[in-house]
Amino acid sequence: MKILTRLFCRHEDELVRKIEPFACISGVQTYKRCKKCGRIKKHIFMEYEGTGWK
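If you're matching positions, the sequence shown starts at 1 in the working numbering and goes up one per residue.
Just so you know, not all the hints are guaranteed correct.
[Stated by the list, open to error] Listed below are the simulated DSS-like cross-link pairs for lysine-lysine, each with C-alpha atoms no more than 27 Å apart in a straight line: (1) K42 / K32; (2) K18 / K32; (3) K41 / K18; (4) K18 / K35; (5) K42 / K18; (6) K18 / K36.
Source of the hints: derived by calculation from the structure; they are not laboratory data. Model, not experiment: these values are computed from the prediction.
Construct the entire structure; sequences and hints are all you get.
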């Protein structure tokens, strides 16, 4: 049933971060996830440099 809902879903994406016990110091792993069906499309690594985001 989940496969059919994901197949015919009109995806509404949101950016989310997974809370991990051991995270990277130099950046944040961000995932693009659908609000309706929960499908994770891709992940983005946003690198943090001393004064801000790259």
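TODO: Please write out, lowest number first, the hints stated earlier that are contradicted by the structure.
DONE: Result: no hint breaks.
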